Amino acid sequence: MIATPSSSLPTAAACGDGFGSHWTPQLEALLAAGRAAGADLVEVFLERTDHLGLLAEQDRITSVTPAFGMGAGIRVFRNQRDGFVSTNDLSAAGLQRALDQALGMLGLQRSTLPAAGFDGLGALRDFAASKDDWLKRCPELQEASLHLLRGTDQLNRKGKHLQARRGSYARDWQEVLVAASDGTYGRDVRLHQSVGLNVLAADGEHRAGVGRRYGTSGRPDDLRLWDAEASAREVCESAGTMLYADYVEAGQLPVVLANRFGGVIFHEACGHLLETTQVERGTTPFADRVGQTIAHEAVTAIDEGLTGGAFGSLCMDDEGMEPQRTVLIENGVLQRFISDRAGELRTGHARTGSGRRQGHTFAAASRMRNTYIAAGPHTPEQLIASVDKGLYCKSMGGGSVGPTGQFNFAVEEGYLIEDGQLTKPVKGATLIGEAKEVMPRISMCANDLELAAGFCGSVSGSIFVTVGQPHIKVDSITVGGR
Amino acid sequence: MPFTSSNPTSPMATDSSIASSTPSGSAGLDAETLRSQLGDIAANAGIRRWDLGAACSSDTSVQVDRGEAKQLKGAQRSSITIRVWNDDGLVGITSTSDLSPSGLARALAGARDASAFGNPDDTPAFSPLATAPLASLDQPIHEPAGILQLLDTLKDAERQLLARHSAIGTVPYNGLAERTSERIYLNSDGACRQQRLSTASLYLYARAEEAGRKPRSAGAVRLAYGAGDLDVAGCIDEAAERTISHLDYAPIETGRYTCVFSPEAFLDLIGAFSGLFNARAVLDGVSLSNRESLGEQLAVPFLSIHDNGLHPGNVGASAFDGEGTPTQRLALIEGGVLRNFLHSEATARAFGVAPTGHAGLGAKVSVGADWLEIGATTGSSGGQAGLNRFQADQAIVWIDSLSALHAGVKASQGSFSLPFDGWLVRGGEARSIEAATVAGDIRQVLKAIIGFEGEAKITPDGLCPLVWVEGLSITGEA
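Those protein sequences? They're chains A and B, same order as listed.
Everything in the first sequence is counted per the numbering used here, starting at 1 for the first residue and increasing by one.
Everything in the second sequence is counted per the numbering used here, starting at 1001 for the first residue and increasing by one.
Honestly, I wouldn't trust all of these hints.
Pulled a few chain B residues facing chain A out of the computed Cβ check, cut under 10 angstroms [said to hold, decoys possible]:
1. Thr1060
2. Glu1068
3. Ala1069
4. Ala1075
5. Ala1111
6. Asp1121
7. Tyr1173
8. Arg1196
9. Glu1210
10. Lys1214
11. Val1286
12. Val1337
13. Gln1413
14. Lys1457
15. Ile1458
It should be emphasised that the hints constitute simulated quantities derived from the structure, not laboratory data.
Predicted model only: the values in this text are computed from it and were never measured.
Backbone N, C-alpha and C define an ideal beta-carbon position, used for all residues, glycine too.
Can you build the whole structure from these sequences, using the hints too?
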């Protein structure tokens, strides 16, 4: 067993006063200087971070990776262009240097003239007021280690033929302050925790690697409440099934995708294409389709940042705007795009509180939050019963979408559907398709909507998101296999 | 609980930082100041054994959209990772972007506290090669061209690419960037590694669409030591040719085909399965290889794979790894036989060999490949001679690029199922494939290589010719 000394690590929150209204004079000076130089809008994003990563292998903690950091991103808009500079240097001189560089990118220089159109920041909207103890309330290293080791121990108890057992825990704390020359001034603290279990099962030539990750936001007790036994059971059952599974036979098939992480299909096939970033680039086939039918009438899709505890929820986005519940598609008809400040400026689609970034080194962009297909009227059994020969995708891996709308995602755990019944397990499937073609083929939605935490990498870095859906049926899709 | 009480984020903070930006925007680290400050802080805290990796960079990049600047970016980054060995010999680590004295003190304290959770079964030590001589790399340092020059260059490149074909309507993904950077490795035994670098990169990814047809896209990338050295014309040519070649497409029938991998695609595939050669993965039980695999016939007898981070074609090569071990050329497969694993100090000690220069820096040190050289084993037949996809008797699938490797590769199982862009070559004619996946098992791929076509090509990830592999499963939409 692991030694568990009584120790905790110094944290960013414990080591400084943090951001607050004492920053107002300096920020106002920066914003005024930017406006006086001729910028249409200046935005300052300040960030402090505190990360803890833990890795357990078999029955021992094998890696502890604390990290803390700070930085600023300064963005200057003029007409429809913008210059963005990030720096780790939060001194007054460092921030002024970054502002000068951003102004210089747009051909602007600081001026001694007074700033027109900037009336100061006003009162700070402090969304973090009740969150300043979040980091202290998270499990300390010793306690977190014990929870994680409980997970790998449960894997050992429940699994067979396990060659490797791993548990991992990540705690990401972030304090942000956003100030902009349009008066935006907000502060927030975010807390994301996730825990994952992975196994590699091996028996002779048969091998199966299975993993699951669970995550929440804004819940310091999340790890304490984690049901390690249930998670280990889920992972081990999947590994045991997939260890001896045959490879899937390739072809064009109807598929039923399970709820929760099955939502990656909408995320990749359609969600990204409804970000104004894609409208700006001319890479979405839906750019001029608001008010038109782009999906089967069974499909209503939502992106929101409000669901309590969900991985993609936030009190304000990274541009200081409060999130909304944005109906993207209603009964198959495109309603809205996901938009940020630059997206609104360049495409005319109103902001939706979706300006998001990994951290201060990225300019915010229109990004998804909690994105899901709404529940429908059917039961999952009805969907499966409607298929004569097809594929049931119980667990999904990652995916991606390209600049022409071609998407793909991997199936981690699949089963054949024969005569309306689930039969033998199959592995090695990759689903590919075109967004425009697949959305009208989502013909049935079940009544069991659930969400799942994930990470999305795109133009503004890797961010915490939620995908989700009920069980859905896709009438036909290309299933890549052997 | 030891930690400093200074406020590193206060606007009034007065800590001087070790990282600095010169007026020209280039990055700089002062190794001696860093060593001195850390040594003093460690001594005061009673820490006798430590090492660190530090990096500092200054980046400038531009993107354009149909003749207009879209986004202009600059970044100054600094980071440091500190490892501390406690009195029981256990290791802890902490990383931070705060290089001020108070930041260093906090990081050192954090690493010491984390060391209480160090793994006694797998404790890294200083690399015995951390003071060995380094290879001399020919890496000229270029002054930054400046953002306006970058913008002009990229606007012109976009204009030229758009003019190549009426169907090319946009270049939705494009970027021209330059970076100056510096990295340091220091340890309390006196090792001191330092490397400065300037690099530049250009990528152009075009989207083309003809009436009544699906949009198609393709791109190209170039790297150099300075923006002025970038092969801009070559990048435009390659992006245009590849994009145009996909305009006329057709679905492919599902079945088994002989496939010809482009150098980029084959390097991507081997890179995704580099756990085969990774001693860390072997020790962790998640590699397809095991301790007894060395000497096994893993591939056809004419295949060689070397890792060679020192190759002159590897723009931005590192002279040393995260533990200060010199980078070297290492035979992984020769004559189809697995010859060596990639090692850190700890894995090398476990195997009774010397570190190979492939380590990161951590409490549990990661291991990874640098830059692969793939080709025929010297003195071997090199496989089937005279291969030419345009003169083949059978239909050939020519795989240009693979997608979604993060999702479609099961590294610990050996299997893959990946979307790709490519062409079906039949009767000397190549026609783009509408949408398809290629699936297989890496162990079978390595034993199903027929031979190589053409000269090896230098890519950002390595050196490789076209590689012929028989009997792979292709799923299409026909």
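Taking the least C-beta to C-beta distance, is Val1337(B) closer than 10 angstroms to chain A? At about 21 angstroms, which exceeds the 10 angstroms cut-off, the nearest Cβ of chain A leaves the hint on Val1337(B) violated.
Verify the interface restraint on Arg1196(B): the C-beta must sit less than 10 angstroms from at least one C-beta of chain A. 19 angstroms, violated
Hint status (Cβ of Ala1111(B) to nearest Cβ of chain A, threshold 10 angstroms): Holds, about 8 angstroms.
Hint check: is the beta carbon of Thr1060(B) less than 10 angstroms from a beta carbon of chain A? 9 angstroms, holds
Hint validation: Glu1068(B) versus chain A, beta carbon distance must be below 10 angstroms. Holds or violated? 7 angstroms, holds
Holds or violated: is there a CB of chain A closer than 10 angstroms to the CB of Val1286(B)? With a minimum Cβ separation of about 5 angstroms from chain A (threshold 10 angstroms), the hint on Val1286(B) holds.
Take the shortest C-beta to C-beta distance between Lys1214(B) and chain A; is it under 10 angstroms? 7 angstroms, holds
Please verify that hint: Glu1210(B), Cβ, nearest Cβ of chain A, below 10 angstroms or not. 12 angstroms, violated
So, Ala1069(B) near chain A? Judge it on the closest CB pair being under 10 angstroms. With a minimum Cβ separation of about 5 angstroms from chain A (threshold 10 angstroms), the hint on Ala1069(B) holds.
Would the hint on Ala1075(B) be counted as holding, given a Cβ-Cβ threshold of 10 angstroms to chain A? 5 angstroms, holds
Is the interface hint for Ile1458(B) satisfied, with its Cβ closer than 10 angstroms to some Cβ of chain A? Constraint on Ile1458(B) not satisfied, violated at 26 angstroms.
Minimum Cβ distance from Asp1121(B) to chain A below 10 angstroms? 7 angstroms, holds
Violation of the numbered hints given earlier is confined to hints 8, 9, 12, 14 and 15; the remaining hints are satisfied by the structure.
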